[in-house]
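Listed below, chain by chain, are the residues.
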Amino acid sequence: MSLRRLIGFNLLSAVVLGVAGFYAGWWLGHQITGPSIAYFSATNQNDIALFVAYLVGVVGFLVGLGFANYPVQRLLGKPPTLREKEQQGAARYFGLCTDHKVVGIQYLLGIGAFIFIGGLNAMLIRFELMRPTHLVWNGNNYLTLVGVHGTMMMGMMTSGILGPFANYFVPLMIGARRMAFPRIEALTFWLLMAAGTILMTTFAFGGFPTGWTGYAPLNEQANMGMDAYIAFFALVGLSMTLLGLNMLATVITMRAPGMTWGRLPIFVWATVSTSVLMLLAAPVLISALLMLTMDRAAQTSFFNDQAGGSSYLYENLFWFFGHPEVYILALPGMGILLEILPVFSRKPLWGYRLAVTGMLGIGLMSFLVWQHHLFVSGINADVRPFYMLSTEIISLPTGFIFICALGTLWKGRIRATVPMLFSLAWLFNFLIGGLSGVFLSDVPSDVTTHGSFFSMAHFHYTIMGGLLFAFFAGIYYWVPKMTGYNFNERLGKWHFWIMFLAFNSTFGPLLVIGFLGMPRRVVTYAGYLQGANDWVSVSAFVLGASMLIFLANLIWSQVFARVPTGVNPWGSKSIEWQLPSPVPVHNFDRIPTFGSDPYPYGEDAGSMLAQRPVVSPARPTP
Amino acid sequence: MWSRSSDGRRIAAITVIGTAIVLPLVVFVLGPNMPPGKATEVAKGQVTDNTVLLVVMTPFTVFILGYLVYAIVVFRAPKGETELRDGASMRGHMPSQIAWLVTTTAAVLFLAIFGTTELLANNGAGSGSGPNPVAKPSGAMLPVQVIGQQWEFTYRYPTYGGVETAELVLPAGQEVAFHVTSLDVVHSFWAYELGVKADANPGVDNVAYVKPTKIGTFQIRCAELCGLWHGYMFDTGRVVGAADFNTWIAAQRKQFAGVEKYLPKYSPSYSPDPTFRAG
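Just so you know, the protein sequences line up as chains Y and P, in that order.
Take any residue in the first sequence, count from 1 to its spot, add 4: that is its number in our numbering.
Take any residue in the second sequence, count from 1 to its spot, add 27: that is its number in our numbering.
For the record, the hints were derived by calculation from the structure and aren't laboratory data.
Just so you know, even glycine gets a beta-carbon here, dropped at the ideal spot from N, CA and C.
Any given hint could turn out to be false.
[Unchecked claim] Under the rule of at most 30 Å between Cα atoms (straight-line distance), these lysine-lysine pairs were calculated in the DSBU-like manner:
| hint | chain 1 | residue 1 | chain 2 | residue 2 |
| --- | --- | --- | --- | --- |
| 1 | P | Lys106 | Y | Lys415 |
| 2 | P | Lys292 | P | Lys281 |
| 3 | P | Lys65 | P | Lys163 |
| 4 | P | Lys241 | P | Lys163 |
| 5 | P | Lys241 | P | Lys106 |
| 6 | P | Lys163 | Y | Lys497 |
[To be verified] Calculated from the model, a selection of chain Y residues having no Cβ within reach of chain P, i.e. all distances over 12 Å:
| hint | residue |
| --- | --- |
| 7 | Leu66 |
| 8 | Phe120 |
| 9 | Leu252 |
| 10 | Arg350 |
| 11 | Leu364 |
| 12 | Ile418 |
| 13 | Phe592 |
[What the hints assert, rightly or not] Estimated spans, in silico, between C-beta atoms of each pair:
| hint | chain 1 | residue 1 | chain 2 | residue 2 | range |
| --- | --- | --- | --- | --- | --- |
| 14 | P | Ser294 | Y | Asn145 | 44 to 54 Å |
| 15 | P | Thr144 | Y | Ala609 | 48 to 58 Å |
| 16 | Y | Thr597 | P | Ala40 | 44 to 54 Å |
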């Protein structure tokens, strides 16, 4: 019986068809190129075969999961299943499931695993940098580690908060039973898993030397490992575009009665702003990668200077995506911050409209600053003052987020819970990140800091210190609602303090090391920087170890200890905390009606709901 | 409310006193030690720039950190309070929002205007400013071409017969125009102590100006990922007296006289045969 249940559309069949598809595509690609294109047969570098293999492999993977069932059933005239695997049981987590709560948990575990791999790469990089000269990794392996670390983190963390938390909580927060496009929602997750696996295959094809930016023409010179980077980022871009589209459609069309735009939880506003960026920026990346694919596989020359193309074209296309990308990473963190601060200050969100303006302003401005990545590249010198101005102006909407956070703390009754600690740490880290960014936005200062460890430390302060701290704040705040079991608070506090101190002890000195003249992505460095680099490496290992404390806490509290959460342990007035933990399959017995925004602290309203209860915990849900 | 409360007065006092303590330290202790040093006029300008940025940031940093610490200490719920009690329902305060907006806007506009004037006054401030820089130094210049290739920099002196050297030597007190280009992928020419950074793009002549004033050595590193041996693409340059420079360049021309006829004619950029997948 149990063996028979393994056969069907699930992760097992997906992996089998994915691998089979990969080899079928590999064979097909060689049939196409072998006899006709002498270049590929002469160099043993068959990019066409690898691209076809990745493509057929991904299609096989998705068919194995059951994404083809719906269109095939429609073609055959059978009644299609509109909702798939929306039942209880562990099996729904290992396949195509259209329940937004299941997809949220799938995202959390799947993305968590890939982020863990990215973090391990960082440990290996820091190990090499304990000596100024060669220690363990040769040049190629070192660059591949740097590239996989950067690409994995930048790719996976785009959906690091929107994936788990927006998928799970945005429908709840706006009073909907599902996302607008549940099947697309599941697709965005499984595309990411396929993408992450493809990026790992780069090790089998020799790695890639370009880092996460993948500058031309180095990306055309690189060996077949580069194709994994291209396929990874193209799939991530596709996933981002679909996720953004789905979120926007959901928030625009599926809000419950009373959920006006002025009452949207601030996390939903952050999701809206991020979704707009995803929808507009990611297609530019996909186009750039398509051109690069043509350059590599079909011998076109979009980015090849020596054959009439331009490497500037790639730089501009990449950063036109790349700068909105960093705000795609930062904005959801701001949303979580402003969602959590009112709960643990017991005060309404201070300056709601200002915060919304800030988020939308960051979204708009992020499309107008990308050339600050090219300040010393020899672009037209006339435009630099404009980009200096626009880059510095983007700190204004970011300042709105800060003043709203500070105003929310004002005369509050602050409780130092683990999510609150991570949120307060966000403010500290992002402050350092933002201030260090000012040096990079100013051309004369940028001459020293551009492409140095300073800029690397700067964006780790904003992305790791901002996004990852918000990610953990979200985990400690919301996972008890998702699973129904509390975290161990003592272990959580140990995790926080070690992570916070080790993080600053790692990246604070890196700002100084960058000022002292160490470029990014180098395997050797000046001898006088060894003491500082050793300090940083040891701090980085402690930072890595703090993740093990988190893992221990996750496994202990969710698998063994299992202390039930109850309905509303934090005393939040937001709707998700008025529902049972975990939330039942169909969310609400009837669609709720909202009477206020989620922050009526110090006001008469018991919660944001105009009528209660919306679900009876005692009754078994369908 | 905000302005009348003693909390507000205390935070204002913390900001003012904290700024008064930190600001002199920033200006007199940290500022002069900011990178990249005082070896050239451009580098000195960048040190000034870095110091001004720090000065503008100081009050904001002191305010936000002071506020955070104050809030965490003073606004904390009493220990052992199990019953949840709400704070006051404050949904905003227009005067303080406007004050914040005005202050940050003023700071941002000042930074942008200051950065632009510094950039133009210092002739591009040592940055790679493309083939046609907006601001150029007046007077005689020594053109030096920097050629990046996987994985080393070489240098050509067009006013000295286009001789190509493996070492970068500059005369002190002479305005230099670097013409940075590449033969293969994108590199970045970073002369740390000189305060110069300019990307080396194939087919592009990227110009940066600098006037070395101090005799001594400086570090050169490639600052843009350029492939396998990127981490080993570094060099040490020298700034020497004018007489020493003339002796050195004469010796170089003599040493490389036999090679000269094989070199391509000096040009702002070069197009070698496309050699893909060299690595």
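Hints versus structure:
| no. | hint | verdict |
| --- | --- | --- |
| 1 | P:Lys106 with Y:Lys415 | 16 Å, holds |
| 2 | P:Lys292 with P:Lys281 | 18 Å, holds |
| 3 | P:Lys65 with P:Lys163 | 21 Å, holds |
| 4 | P:Lys241 with P:Lys163 | 22 Å, holds |
| 5 | P:Lys241 with P:Lys106 | 62 Å, violated |
| 6 | P:Lys163 with Y:Lys497 | 57 Å, violated |
| 7 | Leu66 | 33 Å, holds |
| 8 | Phe120 | 25 Å, holds |
| 9 | Leu252 | 27 Å, holds |
| 10 | Arg350 | 5 Å, violated |
| 11 | Leu364 | 15 Å, holds |
| 12 | Ile418 | 5 Å, violated |
| 13 | Phe592 | 25 Å, holds |
| 14 | P:Ser294 with Y:Asn145: 44 to 54 Å | 38 Å, violated |
| 15 | P:Thr144 with Y:Ala609: 48 to 58 Å | 54 Å, holds |
| 16 | Y:Thr597 with P:Ala40: 44 to 54 Å | 48 Å, holds |
Of the numbered hints listed earlier, those contradicted by the structure are 5, 6, 10, 12, 14.
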